[in-house]
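Per this note's numbering, residue 28 is the first one in the sequence shown, and the count goes up by one each step.
It is worth saying that the hints were derived from the structure and are not from the lab.
Glycine included, each C-beta is placed from N, C-alpha and C at the ideal position.
Check each hint, because a few of them may be wrong.
As the list claims (entries may be wrong) - Computed spacing ranges between beta-carbons, pair by pair:
1) THR46 to LYS320: 50 to 58 Å
2) THR217 to GLU288: 19 to 27 Å
3) HIS261 to SER344: 20 to 28 Å
4) ILE289 to SER321: 49 to 57 Å
5) SER360 to ILE88: 48 to 56 Å
6) ASP196 to GLY124: 24 to 32 Å
7) THR367 to ASP114: 43 to 51 Å
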Amino acid sequence: MISVEKIDGQIVVKFPYNTDYIEKIKSIDKYRWHIQKKYWYFPDDDCIVEKILSVFAGENIQLDSTLQISVNHNADKPKPNQIKIMDATKKELKLRGYSQKTTKAYLHHIKRYAHYFTMDPKDLDEEDTRNYVLYLIDKEKVSRSYHDQAVSAIKFLYGRVLNMPRMLDSLPRPRKEKKLPVVLSREDVTRILESVGNIKHKAILMLIYSAGLRVSEVVKLKVGDIDTERKLIHIRGAKGMKDRYTILSDVAFAILESYSEIYKPGMWLFPGARPDKHISTRTVQAIFENAVKSANIKKDVSVHCLRHSFATHLLESGVDLRYIQELLGHKSSKTTEIYTHVSNKNLRKIKSPLDDLKL
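All chains, full assembly: derive it from the sequences and hints.
This is the structure in structure tokens:
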């Protein structure tokens, strides 16, 4: 453990003998070693405390109450260089046409990265960044997707904002997990949809399943996106800022007509609490969760499973994979091919060797 306290107007740092710690403490300006009392000390300065916390980030540090109050007071105050970096990043993301969702995520990661070190990112090296990523993995126990997005955001910072593209050349990304999508049976989908009494909620879930929509796509649908003559749905600015058309089923269309007669939506097909705002993704997730509970479905599923089920059920019905790719808006056919691994059309034809045993 590293102890940091204020004694006689000085910042005192104590720790058991450790060559790595000694090297780190010597990287901070104005350090002194007290021979008699066997501790390191610095002038009383908030910047010194921040540097100590930065170089020992991820270690077990104990601050005395006086210093803790000072740190807490300054923790939420962004430094001038952090404000400048965040503004520059936001502008660069906007100029490059990144989505609002990606912009928000990148700014979160870059703010966290800059705050972790309390130093100008230009003064850091790849080893510092590696240690930060290890901190996220080991201490924060973040998911692989969070880890991967953090690396993407930090690489964007150095490559596009700070003009230091070679700085993180060898910083690795996490290996992608080869998880299969969770798919609901047709019977389970039927039970879920039948458990929903509210016609607006039913229409939302039906559209997601019948057209293979992402939850972020269904909430942003406008009345004009429903092509009733051609029986198509126009998805605008989806993932990767791509537009596409997908199918509008007869059953979903009938529900939409009934819903529209009752609710008379204006601009947004599914408005939220305020008519000028669309329904939130979290609300749709809650609608699905309640429906799953009411239907007594025991699988661990999310609303996105309706999209997975749409693709898998089409594949099992004999629809060509290329058409499914187009309907889902996948850039690569490899992404769509994952559904061949969960389709049970051919698996059901295979007889287990256990069934041949005379038991």
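- Task: Given the hint of 43 to 51 Å, check if THR367 and ASP114 actually sit that far apart at their C-beta atoms.
- Result: holds (46 Å)
- Item | Beta-carbon spacing of ILE289 to SER321 - inside the hinted bounds 49 to 57 Å or not | violated (21 Å)
- Measuring from beta carbon to beta carbon, are THR46 and LYS320 in 50 to 58 Å? holds (57 Å)
- Item | Cβ separation of THR217 and GLU288, checked against the hinted range 19 to 27 Å | holds (24 Å)
- Query: Quick one: are ASP196 and GLY124 within 24 to 32 Å, going by C-beta?
  - Reply: Because 25 Å falls inside the window, the suggested range holds.
- May I ask you to test the hint 20 to 28 Å on the CB atoms belonging to HIS261 and SER344? holds (24 Å)
- Message: Given a hint of 48 to 56 Å, does the C-beta separation of SER360 and ILE88 actually sit inside it?
- Response: holds (50 Å)
Of the numbered hints listed earlier, the single one contradicted by the structure is hint 4.
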